[in-house]
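J.: If you want the building blocks of each chain, they are given just below.
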Amino acid sequence: MENNSSYWQANLRIIATCLVIWFVVSYGFGLLLVEPLNTIRLGGYKLGFWFAQQGSIVTFVALVFWYSYKMNKLDKEHGIEE
Amino acid sequence: MNKHTKTAILIAPILAVLSFAATDMYQEHQASAKRIFVMQVQDQCDIQAKKCVLKSDQFLLSFSHADGKTIINSTYPLDTATLFIVEADNQASVHPLGMTLTPYYWRANTDLAQRLAIPGNSQKLRIIANIKGGSYIGEFTSTTQ
Numbered sequence: 014m015e016n017n018s019s020y021w022q023a024n025l026r027i028i029a030t031c032l033v034i035w036f037v038v039s040y041g042f043g044l045l046l047v048e049p050l051n052t053i054r055l056g057g058y059k060l061g062f063w064f065a066q067q068g069s070i071v072t073f074v075a076l077v078f079w080y081s082y083k084m085n086k087l088d089k090e091h092g093i094e095e
Numbered sequence: 040m041n042k043h044t045k046t047a048i049l050i051a052p053i054l055a056v057l058s059f060a061a062t063d064m065y066q067e068h069q070a071s072a073k074r075i076f077v078m079q080v081q082d083q084c085d086i087q088a089k090k091c092v093l094k095s096d097q098f099l100l101s102f103s104h105a106d107g108k109t110i111i112n113s114t115y116p117l118d119t120a121t122l123f124i125v126e127a128d129n130q131a132s133v134h135p136l137g138m139t140l141t142p143y144y145w146r147a148n149t150d151l152a153q154r155l156a157i158p159g160n161s162q163k164l165r166i167i168a169n170i171k172g173g174s175y176i177g178e179f180t181s182t183t184q
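Chains as they are written, first to last, in our numbering: chain A, 14 to 95; chain B, 40 to 184.
Next up, chain A with everything else stripped away, as it sits in the complex (with noise of 0.2 Å):
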């Protein structure tokens, strides 16, 4: 049981962070805060810019894999791996 509940709370703080990355790239980074970052330039374009149109896809592709990645492992440490 003790167990069980370990488990989850380490599944909740991996769906936490995922969904905090995935506020901050979406709406921080392509939103709130793109006039700054557009002062800075990646590859020609505006970074705020490019975190809007490219980067938070990128990011959330990334999640996807480190998601499953962080899973993975906690399964293995639970010794319920597939």
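There may be inaccurate statements among the hints.
[Claimed, not checked] What follows is a set of in silico ranges between Cβ atoms, one per label pair, in the way DEER data are often shown:
#1 Leu-99(B) x Phe-62(A): 25 to 35 Å
#2 Lys-89(B) x Gln-67(A): 29 to 39 Å
#3 Ala-60(B) x Phe-78(A): 18 to 28 Å
#4 Ala-72(B) x Lys-89(A): 43 to 53 Å
#5 Thr-121(B) x Asn-51(A): 48 to 58 Å
#6 Ser-95(B) x Arg-26(A): 22 to 32 Å
#7 Ala-60(B) x Arg-26(A): 52 to 62 Å
#8 Ile-75(B) x Phe-78(A): 39 to 49 Å
#9 His-68(B) x Asn-51(A): 16 to 26 Å
[As the list claims (entries may be wrong)] Calculated lysine-lysine pairs in the DSSO-like style (CA-CA distance at most 27 Å, straight line):
#10 Lys-108(B) x Lys-90(B)
#11 Lys-108(B) x Lys-94(B)
#12 Lys-171(B) x Lys-86(A)
#13 Lys-94(B) x Lys-86(A)
#14 Lys-90(B) x Lys-163(B)
#15 Lys-73(B) x Lys-89(B)
#16 Lys-171(B) x Lys-89(A)
#17 Lys-163(B) x Lys-89(B)
#18 Lys-108(B) x Lys-45(B)
#19 Lys-163(B) x Lys-94(B)
#20 Lys-89(B) x Lys-83(A)
#21 Lys-83(A) x Lys-42(B)
#22 Lys-163(B) x Lys-89(A)
#23 Lys-163(B) x Lys-108(B)
#24 Lys-171(B) x Lys-94(B)
#25 Lys-73(B) x Lys-94(B)
#26 Lys-108(B) x Lys-171(B)
These are computed hints drawn from the structure, not numbers from a lab. Ideal placement from N, C-alpha and C gives every residue a C-beta, glycine not left out.
Since the structure of chain A is already known, use the hints to place chain B on it.
T.: Below, chain B without anything else, positioned relative to chain A:
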């Protein structure tokens, strides 16, 4: 592909769509907020000579006067436009402009021809041009060359 990868791949597009929908709503809300832009005269203003252009970024307002009517021509379609003729005591007479055929041309009957008839005459004017989401305002003086 294990269950966690499948879950993440299913959830990620939903979050992506949610973020884009919310961003769109936020941007729409920002765009609907009333904003005021101050216009500046380009070079010198002489309405009698049809050389009077006010500018704010890409938005231009051109002033002219013919047959007792003051005409303005804008680079973007206007919702409303009002011209103020300012007297020496800083009191202004209000002249709401009416649309002429298209929302790019507006006019009103004024006595600017008499006020600016002689070279050297000058007249202080104000304009308020409303476009969805913003008001363009300007104060300028037309001087007959």
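J.: Against each hint, give a clear statement of whether it holds in the structure.
T.: Now the hints, each set against the structure:
Evaluation of the 25 to 35 Å hint for Leu-99(B) and Phe-62(A) yields a pass: the beta carbon distance comes to about 27 Å. Here the CB-CB span from Lys-89(B) to Gln-67(A) is close to 48 Å, at odds with the stated 29 to 39 Å. Remark: the range hint 18 to 28 Å for Ala-60(B) to Phe-78(A) is upheld by a beta-carbon distance near 25 Å. Distance hint for Ala-72(B) and Lys-89(A): a CB-CB separation of about 52 Å, consistent with the stated range 43 to 53 Å.
Range check, Thr-121(B) to Asn-51(A): about 35 Å between beta-carbon atoms, so the 48 to 58 Å window is missed. For Ser-95(B) and Arg-26(A), the hinted distance range of 22 to 32 Å is not satisfied, since their beta carbons lie about 51 Å from each other. For the pair Ala-60(B) and Arg-26(A), the beta carbons lie near 27 Å from each other, so the given range of 52 to 62 Å is not met. Distance hint check: the CB atoms of Ile-75(B) and Phe-78(A) are about 48 Å apart, consistent with the given range 39 to 49 Å.
Between His-68(B) and Asn-51(A), the C-beta spacing of about 20 Å keeps the proposed range 16 to 26 Å intact. For the hint pairing Lys-108(B) with Lys-90(B), the CA-to-CA distance comes to about 16 Å; that is within 27 Å, so the pair holds. Only pairs whose Cα atoms come within 27 Å are accepted, and Lys-108(B) paired with Lys-94(B) is accepted, the gap being roughly 22 Å. With a C-alpha separation of about 54 Å, the suggested pair Lys-171(B) and Lys-86(A) falls outside the 27 Å cut-off, and the hint is violated.
This hinted pair does not check out: Lys-94(B) and Lys-86(A) have alpha carbons roughly 61 Å apart, beyond 27 Å. Restraint check for Lys-90(B) and Lys-163(B): satisfied, since their Cα atoms lie roughly 15 Å apart, inside the 27 Å limit. A C-alpha spacing of about 31 Å is found between Lys-73(B) and Lys-89(B), which places the hinted pair above 27 Å, so the restraint is violated. Taken as a hint, the Lys-171(B) and Lys-89(A) pair is broken in the structure, with Cα atoms around 58 Å apart against an allowance of 27 Å.
Distance restraint check for Lys-163(B) and Lys-89(B): the Cα-Cα separation of roughly 16 Å lies within the 27 Å cut-off, and the hinted pair is therefore satisfied. For the suggested pair Lys-108(B) and Lys-45(B), the alpha carbons sit about 70 Å apart, so the restraint of at most 27 Å is broken. A hinted pair counts as satisfied when its Cα atoms are at most 27 Å apart, and Lys-163(B) with Lys-94(B) qualifies at roughly 17 Å. A threshold of 27 Å between alpha carbons decides the hint, and for Lys-89(B) with Lys-83(A) the separation of about 71 Å lies outside it, so the pair is violated.
A threshold of 27 Å between alpha carbons decides the hint, and for Lys-83(A) with Lys-42(B) the separation of about 13 Å falls inside it, so the pair holds. For the proposed pair Lys-163(B) and Lys-89(A), the alpha carbon gap of about 80 Å is over 27 Å, so the pair is violated. Among the hinted pairs, Lys-163(B) with Lys-108(B) is consistent with the structure: their alpha-carbon atoms are about 17 Å apart, no more than 27 Å. This hinted pair checks out: Lys-171(B) and Lys-94(B) have alpha carbons roughly 18 Å apart, not beyond 27 Å.
Between Lys-73(B) and Lys-94(B) the alpha-carbon distance is near 19 Å, which keeps this suggested pair within the 27 Å criterion. Only pairs whose Cα atoms come within 27 Å are accepted, and Lys-108(B) paired with Lys-171(B) is accepted, the gap being roughly 26 Å.
Of the numbered hints stated above, those contradicted by the structure are hints 2, 5, 6, 7, 12, 13, 15, 16, 18, 20, 22, listed in ascending order.
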